[in-house]
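Put chain U on the given structure of chain V with help from the hints.
Sequence order for the protein chains is V and U.
FYI, in this note's numbering the residues of the first sequence are 1 to 427.
FYI, in this note's numbering the residues of the second sequence are 1 to 238.
Take every hint as true, because none was put in to throw you off.
Distance condition first, Cα-Cα at most 25 Å in a straight line; then the derived PhoX-like pairs of lysine-lysine:
(1) 404(V) <-> 152(U)
(2) 115(U) <-> 228(V)
(3) 247(V) <-> 76(U)
(4) 89(U) <-> 247(V)
(5) 69(U) <-> 404(V)
(6) 120(V) <-> 171(V)
Hints are computed from structural coordinates only; laboratory data are not their basis.
The model shown is predicted, which means the values in this text are computed figures rather than measured ones.
What follows is each chain in one-letter form.
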Amino acid sequence: MSGLGNIIKKEIRELLTPATFLPIIIIALIFGTMGNSIQGIQEQAQTPPVIGVINEENTTFSTMASTILHDHAKVIYNSTSNADIQIGLETLKEKNGVALIVIPANFTEQILREEPGNIKVYWIMKGAGLMDTISSSVFESLIAYINTNISKELIGGNSSVNASFILSPTKRVETTYFKNREFSGLSPNTISGMLSSQSLLIPIVMMMIIIMAGSIVITSMALEKENKTLETLLTLPVKRTSIVTGKIVAAAVIGLLLAVIYMIGMGYYFAGFQISAGVNLATYGLVLTSEDFIWIGISLFITLIAGLSLCMLLGTFAKNYKSAQTLTFPITMLALIPMFLTMFADFDTLPLPLQIFTFAIPFSHPMMAPRALLFHDYPLVIGGIVYVVIFAAVTISIVVWVFKTDRLLTGSTSKFKWIKGLKRRRF
Amino acid sequence: MAAVTVTNLVKKYGSFEAVKGISFSIDEGEIFGLIGPNGAGKTTILRIISTLLSITSGSITILGNDLGKQSGDIRKLISYLPEDAGAYKNLTGRAYLQFIANFFDPKQIPQMVEKGIEIADLGNRIDDRVDTYSKGMMRRLLVGRAMMTNPKLAILDEPTSGLDVINATEIRKLIKETAQKGTTVLLSSHNMLEVEYLCDRIALISEGKIVEEGKPKTLMEKYKVHNVEEVFTRVVRS
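Chain V with its partners taken away, still in its complex shape:
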């Protein structure tokens, strides 16, 4: 065998371990599941928006607007009376509609007087994620299309008309219904933008703490093995639970400290990009109370303990510093996945498999908590805390059990015998 072949064979044997492959296989499965679910959301978003139309008059411009809406959207409710708004909204809510559009009786008359014609839009908002607002974005482009067509008609009929009016011949009067609340004058995109900027900090803090503190725990276990200090530690008169808890608490303290330093920098970074939307959510009652902050704090703390317990469990697989670096990867991914999921869609609007998946990741809960608390969704927050407490307790129990077994010192056990057998057969 050539020198090159010999080196390649030896390297492959060293790298072909469960610790190398398992995290990647798990991540591949997670991404596969996420991809399928997000594809489902995208397909749903690309279909024509489901709307209702109340056209109170039968004149040039109102007919033009109504025709465009009927041609480019799926209109499931039609009426000619302003009094039917409530019925229309109920119908749309039942049939998963996006908006009810009301073209008032004086629409054409207003435009002919060179005043922007009002189009009343009653939005039914389901979630505040990027994916959730796609339908409303599609519908907004329809309004722009109506504007363009009215502009063309006005220019064709009367070239002396006011130029700035021609560019915007209609005006939207918007009301959005979201989680049983009414937001007058706000579109779903505005609400989504405001909520995103409000709830971006917690996911980033959570992600940074977990990545930093998690890496400390895993590396600590790896170094105990690499520096041959673990055997001595395990023969000292100290309980296994104390060793596990001590490592977790120390990592949590250092992780929090690092996260604070990191967040100071991030705070300045975000401040540099912050653009005021000119809307104060407090005027709509969307304010976190001191009680809400306590819930967020509890959720963060419990999740940190759960996350570090998971890292500790992974750390028991680490043979040395090099393998510890590989094992931090799944933790990083588990912290990133809920961050992106909550950015793309609300928990409520996710497909059921993705909801279960998101709920199962402990890191999701403090990320979802601020928005849930804004809308008084306490069952989601408290349920999440209870789940994470159970998750942490089970994980710590498993870690303590591993510390009491031979696995910590003897490495892989008979559970991985089939892989060893495979390696022997191949080489």
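Frame of chain V; chain U shown alone:
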């Protein structure tokens, strides 16, 4: 009274049987040596007695405590020095000894640390970081760590491994003195001269079984040879 009683001890790693039903006992204050080739099962036996590995079958009693049920109590009585042990590299020698002493009786901590420093005999280097130590210095620090806690049972895997002749001699002398003060010592070694000098009794292990056991002098007379090395060769060949 027996400090350690091992009865029909079996240890399996999957289908591999590393220890095959061995039995022996060690009296209090005795120095007992396990001798055998690499892979004979010496370290496995020491790790089991140190509460690090579980027993597949059989039983072990240490100073009246059942290993399977009272491992927490046993850890208060023993001190284990692994063959290739290390110390926390970011600590100084003194800080490392202090860290270990903190697990024991708070009233004894200063004396323990002083004793550890005295045994390690590293001079001013005791206040240097461990990662600057040579292999010999590291071993002396670890021997100091193992003996400073005044254990009832000291389990030493190749105690003089990596030490030069002078340091090794000092450590052997220290082990002898410690045993004379009442500490029971269980050690393993490849160095037959060391075993002959140190041990009151020895057990020769081959392929997970005790093939011979007794006082070094008695064994030498039995096999009509002049040292333990020759006893070992005779026994293993036969």
